[in-house]
Amino acid sequence: MKKLLSFVMIFAIVLCSVSVVFAQDEYSFDLQYTGTIVKNVEKDGVVLLTGVNGTPHTSVQIKVDITGPATPKILATDSAGTEYDIAQLGYWGPPSGFAVGGDFVNETPIKATFVEEGSYTIKLSLVDLANGNTVITTKTFDIEVYEDVPGDNIISNVTGNVIGNAVEGNTIEELPKTGTSVIEYVMYIIAIVLIISIIGIYLNRRRVNG
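In the working numbering, the protein residues as written are 2 to 211.
Think of the hints as simulated: they come from the structure by calculation, not from any bench.
Predicted, not measured: the structure shown is a model, and the values here were computed from it.
If a hint is listed, it holds; no wrong ones were tucked in.
Listed next, with one range per pair, are the computed distances between beta-carbon atoms: (1) 149 / 122: 15 to 25 Å; (2) 200 / 27: 29 to 39 Å; (3) 36 / 79: 22 to 32 Å; (4) 150 / 110: 20 to 30 Å; (5) 59 / 139: 11 to 21 Å; (6) 45 / 140: 15 to 25 Å; (7) 90 / 200: 51 to 61 Å; (8) 96 / 196: 39 to 49 Å; (9) 119 / 191: 45 to 55 Å; (10) 27 / 85: 25 to 35 Å; (11) 59 / 110: 19 to 29 Å; (12) 110 / 145: 13 to 23 Å; (13) 68 / 198: 47 to 57 Å; (14) 72 / 191: 42 to 52 Å.
Derived DSSO-like pairs: lysine-lysine, alpha-carbon spacing no greater than 30 Å straight-line: (15) 64 / 40; (16) 112 / 74; (17) 40 / 140; (18) 44 / 140; (19) 140 / 112; (20) 112 / 64; (21) 74 / 44; (22) 124 / 40; (23) 74 / 124; (24) 44 / 124; (25) 124 / 112; (26) 44 / 64; (27) 40 / 112; (28) 124 / 64.
The beta carbon of each residue, even a glycine, is placed where N, CA and C say it ideally should be.
Given the sequences, and given the hints that come with them, work out the whole structure.
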């Protein structure tokens, strides 16, 4: 009986470990731009939302929170060609939300204009509208806006890592690619091998002990 209980405990631990790995949401933001941001000069940038084996969500939205000396203008264009000031709206995405899941990189071009110099903080949060606006992931970016271009003009305010496989012109409202990743398949195989090995050891010991 003790051996049976030990086997059941080990089996449960393996299953729980695999479940925890598969249950993790792996979504992240990046904000990319080059050069110095100057007061009243429009700056082109890109917001990247990346999913790596992300758990599917049917209705999400990106919440945009900005603090600083003044509210900037941040323009983004959806797939229908309509332009929105997401700094004024406070969010990005359709009112009903959009779906995410699996492995994808969504790229949203933006045009930002800051009317006052100083330090700003931009906080992007992916929220689940279908689950009481639960925050799935969030990231904060610190932005410095200058009165004039610095004399050497060599300051580079690129935040985050450049993602080489981003799809040019893709907007956040398009449905990302979903499906099972290679990592998930590997984890399933490892779990199955472990479970079979444990069962084999248990049955072998039971046969030997009669």
